[in-house]
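Chemist: The numbering of the sequence shown is my numbering, which starts it at 28 and goes up by one.
Just so you know, these hints were derived from the structure itself, not from any lab. Don't take every hint at face value.
What the hints assert, rightly or not - Pairs of lysine-lysine, PhoX-like flavour, derived with a Cα cap of 25 Å: (1) 156 with 167; (2) 179 with 159; (3) 171 with 113; (4) 179 with 118; (5) 118 with 167; (6) 118 with 171; (7) 133 with 156; (8) 179 with 113; (9) 179 with 156; (10) 179 with 133; (11) 179 with 167; (12) 159 with 171; (13) 171 with 156.
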Amino acid sequence: AAPFYIHSSMQNANNNNNLPMIIPSNERNTNLLPWMYERSKLNSLDTETEMRNGQNILIDLGSSYFGHWNGDTNAGAGRWFYEYYKRFGIKFDRIIAYESELLNLKNVWNELPDDVFPVYTLINVGCEKSGKLSPWTNLKALAKSYDHVVVKLDIDTPAIEGPLINEVLNDSS
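Take the sequences, apply the hints, and build the full model.
Modeler: Okay, here's the thing in structure tokens:
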């Protein structure tokens with residue numbers, strides 16, 4: 028598991044070597060994860076309105092089962108992200124899991140926590156570079172610039188992972 032830490036807001040930090048904060052700390056966002064502070068697209072938004080309506084979205088590419096991988100309960104990436112963010116009081120509004128290996132759907136649904144079940148979407152086919160099975164096509168349709176999006180990419184096939192990464196790197200949207 029990743030280390031757990033509680034960060035303090037950077038409101039009083041010495042700004043000599045720090046990135047500028049675009050979102051001022053207040054009672055609503057003191058539990059923001061450190062990498063959420065610098066989000067340049069938020070400059071043009073009414074953060075009071077837009078951040079309140081923002082979603083937390085997890086895209087899990089190569090998901091396997093939510094709570095385990097090959098029977099190893101310590102290797103369930105979906106559960107790891109769920110529990111890690113939960114420590115900060117953050118719930119995912121959408122979890123979209125892509126897995127090309129055929130999963131037992133009864134097991135998939137039975138191992139989901141009650142609060143995850145209504146927000147979980149399993150796409151039990153492989154990812155594609157474009158079209159309706161592209162994670163990026165779906166992400167563009169779902170996410171807004173003020174949403175917090177986490178992408179876990181672990182398909183174990185470089186021939187698929189490489190083009191997916193290049194799509195993100197070469198897409199300005």
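Chemist: To test your reading of the hints: which numbers does this structure violate?
Modeler: Number 7 only.
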